[in-house]
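S.K.: The residues making up each chain are set out below.
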Amino acid sequence: MDFLSLVREIMPQLLRGTIVTLQLTGIAISMGFIIGTFLALGRLYGNRSISAICNGYIQFFRGTPLLVQLFIVYYGLPRYGIRLSSFTAALIGLGLNSAAYQAEYFRGAIQSISEGQMMAARAIGMSKFKSIKNIIIPQALRIVIPSWSNELIYTLKYSSVAYMIGAPELMAQAKFITAKNFRYFEVFIVVAFIYLVIVLVLSRILDFIEKKVRIPGLQVSGG
Amino acid sequence: MSEDTKTILKVENIHKSYGKESILKGISFELKKSETKVIIGPSGTGKSTLLRCINGLTKPDKGHIWLDGLDITTPGINIDNVRQEIGMVFQNFNLFTHLTALDNVRIGLIKVKKLPKKIATEKAMATLEKVGLAEKAYHYPAQLSGGQQQRVSIARALAMDPKLILFDEPTSALDPELIGEVLQVMKNLSESGMTMLVVSHEMGFARSVCDEIIFIEKGVIVEQGPPDVLFSCPKNPRTREFLHKISELYGES
Chain X
368 MDFLSLVREI MPQLLRGTIV TLQLTGIAIS MGFIIGTFLA LGRLYGNRSI SAICNGYIQF
428 FRGTPLLVQL FIVYYGLPRY GIRLSSFTAA LIGLGLNSAA YQAEYFRGAI QSISEGQMMA
488 ARAIGMSKFK SIKNIIIPQA LRIVIPSWSN ELIYTLKYSS VAYMIGAPEL MAQAKFITAK
548 NFRYFEVFIV VAFIYLVIVL VLSRILDFIE KKVRIPGLQV SGG
Chain B
29 MSEDTKTILK VENIHKSYGK ESILKGISFE LKKSETKVII GPSGTGKSTL LRCINGLTKP
89 DKGHIWLDGL DITTPGINID NVRQEIGMVF QNFNLFTHLT ALDNVRIGLI KVKKLPKKIA
149 TEKAMATLEK VGLAEKAYHY PAQLSGGQQQ RVSIARALAM DPKLILFDEP TSALDPELIG
209 EVLQVMKNLS ESGMTMLVVS HEMGFARSVC DEIIFIEKGV IVEQGPPDVL FSCPKNPRTR
269 EFLHKISELY GES
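Protein chains in written order, with the working numbering: chain X, 368 to 590; chain B, 29 to 281.
These aren't lab readings, by the way, just hints derived from the structure by calculation. Take these hints with a grain of salt, some might be off.
[What the hints assert, rightly or not] Here are the computed lysine-lysine pairs in the DSBU-like style, where the Cα-Cα straight-line distance is at most 30 Å:
(1) X:Lys497 / B:Lys142
(2) X:Lys578 / B:Lys61
(3) X:Lys500 / B:Lys164
(4) X:Lys495 / B:Lys142
(5) B:Lys273 / X:Lys495
(6) X:Lys495 / B:Lys87
(7) B:Lys146 / X:Lys495
(8) X:Lys500 / B:Lys90
(9) B:Lys246 / B:Lys61
(10) X:Lys495 / B:Lys145
(11) B:Lys191 / X:Lys497
(12) X:Lys497 / B:Lys151
(13) B:Lys191 / X:Lys500
(14) X:Lys497 / B:Lys273
(15) X:Lys579 / B:Lys53
(16) X:Lys497 / B:Lys158
(17) X:Lys495 / B:Lys90
(18) B:Lys164 / B:Lys191
(19) X:Lys500 / B:Lys142
(20) X:Lys579 / B:Lys164
(21) X:Lys497 / B:Lys246
(22) B:Lys246 / X:Lys500
(23) X:Lys542 / B:Lys215
(24) B:Lys90 / B:Lys53
(25) B:Lys263 / X:Lys495
(26) B:Lys164 / X:Lys578
(27) B:Lys61 / B:Lys158
(28) X:Lys500 / B:Lys53
(29) B:Lys34 / B:Lys142
(30) X:Lys497 / B:Lys53
(31) B:Lys61 / X:Lys500
(32) X:Lys578 / B:Lys38
(33) X:Lys495 / B:Lys191
Quantities reported herein were computed from a predicted structural model and do not represent experimental measurements.
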C-alpha cells in the first residue's frame with residue numbers, strides 16, 4: 368500500500384484520537400489554570416501554613432514524573448474505592464500536574480510586578496483582595512502569556528503519555544494501528560505531523576492574543 | 029474652633045524600630061486644615077517611615093495618630109477606610125502600569141468609592157484637567173514623561189477627595205527639567221486649600237508655599253517653624269548646617 372492510501376485509511380482513527388487529545392489538553396490546561404492561580408496566590412499571599420501547603424503541592428508535582436502520577440491516579444486509587452475511566456484519570460493527572468507548573472509561571476509573573484503597584488493600590492483604599500484582583504492579576508496575566516504558551520504546548524505533547532493508562536488519545540490510536548499493520552515509520556510520521564500542526568496553530572493563536580492585550584510598558588523585560 | 033483651623037492630622041510620640049535599629053524616636057506634630065508642611069532631613073532619618081506610619085503601611089510601635097479626630101492607630105480599625113481619606117504620592121509615581129491615565133484616576137472611584145462609572149469618569153476627567161493632563165487621558169503610563177506620570181498620580185490621590193495628601197519625595201526621581209511642572213501642580217493644590225504633608229528637599233517650594241518646615245534627624249524633630257524663620261535664624265546649628273547643604277545642592281529657586 369502506498370503512503371497516501373495508507374494515510375487515507377488511518378486518518379479517521381487518528382482524527383478520533385486527535386479529538387480526545389485536544390479534549391484532554393483543553394480541559395487539563397483549564398483545570399491547571401484555575402488550580403495554578405490559587406496555588407500561586409496562596410504561595411505568595413497566604414499565611415505560613417497555606418503557603419507551605421501550596422509549595423508542597425508544587426514540589427511534589429514538579430518533582431515526580433507525570434507517568435508515575437498517572438499510574439497512582441489510575442492504578443492506585445481503586446484500592447481506596449475510587450475507580451476512574453482511563454480518560455478521567457488522564458485528565459486529573461494532567462490537570463494536577465499542569466497546575467503545579469502554571470503556579471510557578473504565575474508566581475514568577477506576579478513577582479516581576481513592582482511592589483509599588485500593590486502599595487499604590489492599598490494607598491487609595493483597596494483591600495488586599497481588591498488590589499490583587501484589580502491590579503496584580505490583570506498585569507500578571509499579560510506578563511505570563513509567553514511562558515504560559517509553552518506550558519500549553521507541553522501539556523499537549525505530554526498528553527501522549529496518557530496512552531500508557533489506555534486513554535484513547537492520538538498516541539493510543541497510533542499504537543492500535545501499528546499493532547495491526549506494523550507500519551511504524553509512516554504512522555508515527557503522520558502522528559508527529561498532526562501534533563506539529565496543532566502546536567503551530569496554538570502558537571499563532573496565542574501570539575495573536577498576546578498582541579491583542581499588549582499594553583505599552585507592560586512586557587516581560589527583555590522579551 | 030473654627031472650621032479653618034480644625035486639626036486634620038495629629039501625630040503624637042511616634043516610635044518605630046526595625047529590629048534593633050530605632051528609626052523614629054518620639055515624633056509629634058500637628059497639621060491643621062489647609063496647611064502645607066514640609067519635612068526635611070538627611071536620608072535614612074525616618075521621613076518615609078513616618079509617612080508610611082501615617083497611612084497605615086507600617087504600624088508604629090508606640091504613639092498615636094489622629095486623622096480628623098479619629099485615632100487611626102487603634103487596633104482593629106479598618107485601615108482601608110482610613111486610606112481612602114489619605115492621598116499618597118510616591119517618589120516613583122507607582123501608576124498602575126496596565127491602566128490609562130484616566131483609568132488610573134478612575135479605578136479608586138469605581139472600585140473603592142463605588143461611584144457609578146459615568147460619574148467616576150466625569151470626576152476623573154475633571155481632576156486630570158486640574159493637573160493639566162486631560163488630553164493625555166487615554167495614554168498609558170509608559171507613554172508619559174516622568175513629570176506627567178507624577179501629575180497623574182497626584183490626580184489619582186486628589187480624585188478620592190482625601191482630607192490630606194502625603195507626598196514622599198515627589199520630585200526626586202524626576203529629571204531636573206520636569207520638576208517644575210510637578211511643583212507647580214503641588215503649589216496650586218496647596219493654594220486651593222488642600223492639606224498637605226510633603227517630604228522634599230525642594231527649598232524653593234518650601235519657601236514659597238509651606239506654612240512650616242519640620243527638620244527631622246536621627247528619628248527626632250530637631251527644629252520646626254515657618255520657612256522664613258528657619259532660613260534666617262535657625263535655633264539649632266544642625267538646622268543651619270543642613271539647610272545650607274541642601275540649598276547648595278538643590279538651589280533656592
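S.K.: A separate judgement is required for each hint: does it hold in the structure or not?
M.R.: Against the structure, the hints:
1. X:Lys497 / B:Lys142: Holds. X:Lys497 to B:Lys142 sits at ~13 Å (cutoff 30 Å).
2. X:Lys578 / B:Lys61: violated (49 Å)
3. X:Lys500 / B:Lys164: holds (26 Å)
4. X:Lys495 / B:Lys142: Holds, because 17 Å separates the two Cα atoms, which is no more than 30 Å.
5. B:Lys273 / X:Lys495: Measuring from Cα to Cα gives roughly 41 Å; hence the hint is violated.
6. X:Lys495 / B:Lys87: holds (16 Å)
7. B:Lys146 / X:Lys495: holds (26 Å)
8. X:Lys500 / B:Lys90: violated (33 Å)
9. B:Lys246 / B:Lys61: Holds, at about 28 Å.
10. X:Lys495 / B:Lys145: Between X:Lys495 and B:Lys145 the Cα gap is close to 22 Å, so the pair holds against 30 Å.
11. B:Lys191 / X:Lys497: Answer holds: B:Lys191 to X:Lys497 is near 23 Å, not above 30 Å.
12. X:Lys497 / B:Lys151: Since the Cα atoms of X:Lys497 and B:Lys151 sit roughly 21 Å apart, the hinted pair holds (cutoff 30 Å).
13. B:Lys191 / X:Lys500: Since the Cα atoms of B:Lys191 and X:Lys500 sit roughly 27 Å apart, the hinted pair holds (cutoff 30 Å).
14. X:Lys497 / B:Lys273: violated (44 Å)
15. X:Lys579 / B:Lys53: Between X:Lys579 and B:Lys53 the Cα gap is close to 52 Å, so the pair fails against 30 Å, i.e. violated.
16. X:Lys497 / B:Lys158: Status holds; Cα separation ~28 Å.
17. X:Lys495 / B:Lys90: Given that 30 Å is the threshold and the Cα spacing comes to 25 Å, the pair holds.
18. B:Lys164 / B:Lys191: Since the Cα atoms of B:Lys164 and B:Lys191 sit roughly 27 Å apart, the hinted pair holds (cutoff 30 Å).
19. X:Lys500 / B:Lys142: Given that 30 Å is the threshold and the Cα spacing comes to 16 Å, the pair holds.
20. X:Lys579 / B:Lys164: With Cα atoms ~22 Å apart, X:Lys579 and B:Lys164 stay inside 30 Å; holds.
21. X:Lys497 / B:Lys246: violated (37 Å)
22. B:Lys246 / X:Lys500: violated (39 Å)
23. X:Lys542 / B:Lys215: violated (77 Å)
24. B:Lys90 / B:Lys53: holds (9 Å)
25. B:Lys263 / X:Lys495: violated (45 Å)
26. B:Lys164 / X:Lys578: With a Cα-Cα distance of about 23 Å, the restraint between B:Lys164 and X:Lys578 holds, given a limit of 30 Å.
27. B:Lys61 / B:Lys158: Since the Cα atoms of B:Lys61 and B:Lys158 sit roughly 21 Å apart, the hinted pair holds (cutoff 30 Å).
28. X:Lys500 / B:Lys53: violated (37 Å)
29. B:Lys34 / B:Lys142: OK: B:Lys34 and B:Lys142 at ~28 Å, within 30 Å.
30. X:Lys497 / B:Lys53: Roughly 34 Å between the alpha carbons, so the hint for X:Lys497 and B:Lys53 is violated.
31. B:Lys61 / X:Lys500: Cα-Cα ~35 Å, so violated.
32. X:Lys578 / B:Lys38: Cα-Cα ~50 Å, so violated.
33. X:Lys495 / B:Lys191: holds (22 Å)
Violation of the numbered hints given earlier is confined to hints 2, 5, 8, 14, 15, 21, 22, 23, 25, 28, 30, 31 and 32; the remaining hints are satisfied by the structure.
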